[in-house]
Structure formats: structure tokens, C-alpha cells
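Novice: Taken in sequence, the protein lines are chains A and B. Residue numbers in the first sequence follow full-length UniProt numbering, run continuously in steps of one, and reach 347 at the last position. Residue numbers in the second sequence follow full-length UniProt numbering, run continuously in steps of one, and reach 347 at the last position.
Certain hints may be false.
Intra- or inter-copy, both count: the list cannot distinguish identical chains.
Unchecked claim - Calculated lysine-lysine pairs in the DSS-like style (CA-CA distance at most 25 Å, straight line): (1) K204 - K107; (2) K205 - K44; (3) K159 - K185; (4) K107 - K64; (5) K204 - K84; (6) K44 - K88.
The set of hints was computed from the structure by calculation and includes no laboratory data.
Number of protein chains: 2
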Amino acid sequence: MEVEVEDCPAAAAAAEEVIGNEKTSADYYFDSYSHFGIHEEMLKDVVRTRSYQNVITQNNFLFKDKIVLDVGAGTGILSLFCAKAGAKHVYAIECSQMADMAKEIVKTNGFSEVITVIKGKVEEIELPVPKVDVIISEWMGYFLLFENMLDTVLFARDKWLADDGVVLPDKASLHLTAIEDAEYKEDKIEFWNNVYGFDMSCIKKQAMMEPLVDTVDANQIVTNCQLLKTMDISKMSSGDASFTVPFKLVAERNDFIHALVAYFNVSFTKCHKLMGFSTGPRSKSTHWKQTVLYLEDVVTICEGETLSGTMTVANNKKNPRDIDITLKYSINGQRSKVSRTQNYKMR
Amino acid sequence: MEVEVEDCPAAAAAAEEVIGNEKTSADYYFDSYSHFGIHEEMLKDVVRTRSYQNVITQNNFLFKDKIVLDVGAGTGILSLFCAKAGAKHVYAIECSQMADMAKEIVKTNGFSEVITVIKGKVEEIELPVPKVDVIISEWMGYFLLFENMLDTVLFARDKWLADDGVVLPDKASLHLTAIEDAEYKEDKIEFWNNVYGFDMSCIKKQAMMEPLVDTVDANQIVTNCQLLKTMDISKMSSGDASFTVPFKLVAERNDFIHALVAYFNVSFTKCHKLMGFSTGPRSKSTHWKQTVLYLEDVVTICEGETLSGTMTVANNKKNPRDIDITLKYSINGQRSKVSRTQNYKMR
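The shape of chain A in the complex, shown without the other chains:
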């Protein structure tokens, strides 16, 4: 059984048949997922994929004879796990060209009767059923919220999830810590001060504003790690993804702070036992890495001193898939007194 949604403009524009010169930015967002490389990276991220596999295979009771909706199915891997776990039917929605691959994969693996791949945008397609029992999705982006696919999951939840239905994962949290990063900051930021003898420091300003997605070594961590924000995917509203939260980071040693580092955890609290994973610098690294926000100042912090402030996170008004981050931080220590506001833009 296959439901084709031909009116998905993104999929349409991304299609081979279309001359590649009339694509919108939304098309480009979806088109990037038409490339197999991005799916290869996600599938090979074993922290990510094994976690979902374990959640599904170890908790059949959540899927047995249930109607499942897979939001942003990609290659269909989660749908296949669910089908294998005994789902009555799985609707796998994917807008990119990968949907065609997913259909072929479902067929090749003999699940055509159980899994229906729907090529289209969640916001535009029709489901053959009024309600679903389970919504599963791997929607997380860099810094948890980049690319803003969460909105799509919430849309699907509000439209199709049965009253006693389950969203997987159902909890996500954003965390913050501070690191010493002299060497890399020198290489990434100060580099622009002298490029083959020329002053390109105007680019340095731009480089400072752009959060760096990279893997941080746990030994660089100077302070405690603080929980910034918890989201309950089963209850939250779209607006809850924009927020201002306070933080208080306490130094665990005498060191210098060059950057704050954000990362996220997700959990599946509806499992028989709590399951989930962390993308933090002390956990096995994932394709999400961590998000590094360089500070204008090098903060000289002494053990026990506090770097405190607030972080404001909001979708960019012009391009809602981008994220604007405002960081206010201050320290009034023996060796540095700083109070500053910095703006960042993830794009």
C-alpha cells in the first residue's frame, strides 16, 4: 500500500524531473536530506540509532498491534524497527527524495503490508487514519533545536496522536557548561587578525557570532554542567522552544574560560525502564557533537567562583530554521570582573 502525495512542493522541486533552478530554501532544506551521505552519517551514529533500536526492540509492548507514525522517516530505519516490533501499521512520512528509497527499502525487506511511506510534508499530507497510537521521530538538530523540526513533531502530535498516545522520545533537555579552549579559539577566531599578513578581523566578528559545532574534550571542562531547560514533547507547545533561562556555572578548578558549551539529552520515559542518551562532552560522541559559543573575554576563574547569566533562545524571524541565541554573562571574581551580552546566530 502506497499513498503518494504529489503536491509536496519540496519533494517536487527536489525531484529529478524538475530543472534545478527553481528551488526555495525549504526545498533546499529537504533536498539536503535527498543525499544519502547525511543518512549514512546518522545511521552510523550508533549512539543515536542503537538507542532508538533498543527502545523499540526492548519495549514491544509500546508497539505491538499499534498504529505508529514516523515523522521524518529518512531511510525508514525507525519504521522498520517498529514493524519488526509488531506494529499493526506504520505511516512513515518523508518529504525529501529519500522517500522513494524508503519505499524501495520497505519493499525489499518485505514490510510493504505494514509500512506505508508517504512522500510529503507533515503539514500538507493526509493520513489514511484519523488517529495514531505512537509518534516516533528523530527530530533533534544541532543545539537540539537547529532546523526546528520539533515544530513538525508537535504539529503531528496535535493533529493525529490519540489521547492515550505516546510520543517517542518524550523528554529533551538542554545543558550548559564552560571550557578552556585557548588553542582552538586561537585557530578559529584569532586567525582572522593576521591572514598572510593582512588584517581580516571583520570576519572575526562574524566567526564569533556563529556557534561552532564540534567535539569538546571532557578535560577542557572547567565548571559544573548545568541543566538549562527541559522539554516535555508530549505536552509542550511550539512557543516553549523559545525561552530565556538563567545559568550559574561554578568553577571546579582554577582555569581560563574561552567558551560556553551547550548540548542536549533525550529520554524515553515510557519505556519499561528509563532509556535515552546524552550528547554531552562526557558521553560517547555523536554526529551532533556539541555547540561551542566563544566568549569575547577570556575569563580568569578561580575554583569555586561563579560565571552566571541568562541564555535566550529563539527562532530567527526571517528563517525559522535558524536560531538566534543571546548570552548574558558576568563574573565578579578575584581575577576577572566581566559583564557582557553576546549574540549568536545558528544558520
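Knowing the structure of chain A, use the given hints to seat chain B on it.
Specialist: Positioned in the frame of chain A, the structure of chain B alone reads:
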């Protein structure tokens, strides 16, 4: 002095002022160069940037009191080298948002009188002068021709270069060799045969068709390296970038061949002494790496045996920045007899 070209659609669409939802694929091509990250990578590629720096600073006679055109100036680094080398005036054309940075960089470094940054498409802008003495450009893409910026350089040459003018670089060549690559081919291609227990081999077909840009270890090389095609940038026409050429690769040892590897060299023959660089697997690696074309067959080749065939290269009709490659190869050896045609698409 600044010439602003406001009617560059790409730059306009990429501009902050524009809602990010009406971009064309051309806009996206240029927009990718609005990100500083790509310029950081290119500047930090010392083989690339030092080569241009040496060409320019060691050959002042080519630039002294000359009018120079920098095609695709990016941060303006080449223009700055030329100005420092005594150019009378440099026109730096850049279509992406980076043009605004380049203007600021030129100003910061005190070259506003010598360097004019023109924000716009080469094909659309007006130059304040009828002719230029030198055209310098770093136009090379992966596999030399990917992104097809060469056409833009040829357009500029035909429109503005004086009869006795020089193009830098003026020679480019494409080369081919064959490698043993069992392990990586397994990881990149065979991976799709069994993904967490599911058969995703339909994606394998797609993966096989996409040339892989990666750094090859010289120890993997099984055959000689053959010159495929030489291009004279000062004389060639745009059509010369599409071609079919024969190759004959002779094994230098008993081994298996999993892939053919293409790379390019560029040279500056107008220098006092020949200068240039290679992006081959035996040279210091660059951000261009090499281009790996995996073969359907694992070729069992004996020392002295020949893998021969033809390679056809052409711009994709739908998206001229993409490249279609057709490989015909055959071997009639003691241990393998193969004759096959494979199609690849760089996108």
C-alpha cells in the same frame, strides 16, 4: 572607490534584508560562499594560498603597474597580494555576501585606492575599464571542474583580457590512477547491504554513482598515474571542458583495484620559472583532496597488466554546476576479464 552592482540577483537574495524563502539554486551556490567557513578552509589550504602568494610576490613583473581582474575574489586575498606586488589597479569581482567583507578588508588594509571590490556576477557587472592586463582566479573545484566556475573565467577572458594579457593560472590538467581500497569501499558501499539487519542496497546504487571526494593514501596506488586532459585557460573554449579521453593504466604490482582516482594539477607558465601545484595523492594534501570513482568490479590485476578505457566528462544539462562522468573500462588479464560502463554524477 567602490562600484556597487545592485542588480546581482544572487547577492540580493543572499542579503540579510531578504526573507530567506525566495532563493534560486544559483543563489544557494553563491550563498554557500557567504559563509566564512568555506573561506577559512581555502585560506588555510597552504598549498593553494601559498602557491598563489608565491606566484604573485615572486613575479612582480607580471603585476607592476598592470590592471588586474580577480574573478571570484572571496575575501580578496589574491587582490591584496596583487596590490602589494605593485598592480596599478585591481578589480575584485565577488557575487556572494563575502564581497562586503572584502570591501572592509581592503579598506582596513589601506588598499581602497588600488582595489575596487565589485559585488555582482561576472556575467552581469560592468567594469570601469575596457580591458585588463591580468586575470587571476582560483576557480578550481573538486575534480577540477565541479561547480563549473571555469566558464566564468573564460567569459571574463573573452570580454576583458587585453590581446597581450595573461591569465593566471593558465594551465590545468586532469589525471587518473587506480587504487586498492577494500576497507573503505566496504565501509562506504557494502555498508548498505546490511544496515542494522535491513537490506538498503538500493542506496548502494546511488552511493556507487556519486564520486567520493576524499584523501587517498599514496600506498593505495596500484598503477601508473596518467595524464587525461590538459587545458590551456588562455586559449580554450567553454566547450573544451566537456570531453571523452582514453586511458591506459599499467599495474606496478599484483593487487586488487577497487576504484579509479582522479586529481588535477595547475600551473602558471608565465612566471619567471614554472610554478604550480598538484592535488595528487603523492603531493601534500589540499582541501580538494582527490576524487574517488568506485568500480562495480573488484579487478584482480597482475604487475604489467593494463586496465584501459575512456572517461567522458560533461556538465549536467539540468544543473550545469553538476558534472556527469561516464567511465568505460576493460581488462583482459590472467586473473580478471572485465568490460564495463559506469555512470557517475557529481552534485
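Novice: A separate judgement is required for each hint: does it hold in the structure or not?
Specialist: Now the hints, each set against the structure:
1. Taking the closest pair of Cα atoms, K204 and K107 come within 25 Å of each other only across two copies (16 Å); inside a single copy the shortest separation is 51 Å, beyond that limit.
2. Proximity of K205 and K44 under a CA criterion of 25 Å is satisfied inter-copy only: 18 Å between copies versus 35 Å inside one chain copy.
3. For a Cα distance limit of 25 Å, the shortest separation of K159 from K185 qualifies neither inside one copy, at 45 Å, nor across copies, at 44 Å.
4. Within a single copy, K107 and K64 get their C-alpha atoms as close as 21 Å, which meets the 25 Å cut-off; across copies the closest is 67 Å, which misses it.
5. In the homo-oligomer, the alpha carbons of K204 and K84 lie at most 25 Å apart only across protomers (23 Å), although the nearest pairing inside one protomer, at 51 Å, exceeds that limit.
6. When the C-alpha separation of K44 and K88 is checked against a cutoff of 25 Å, the pair qualifies neither within a copy, at 28 Å, nor between copies, at 54 Å.
In this structure, the hints that do not hold are numbers 3 and 6, in rising order.
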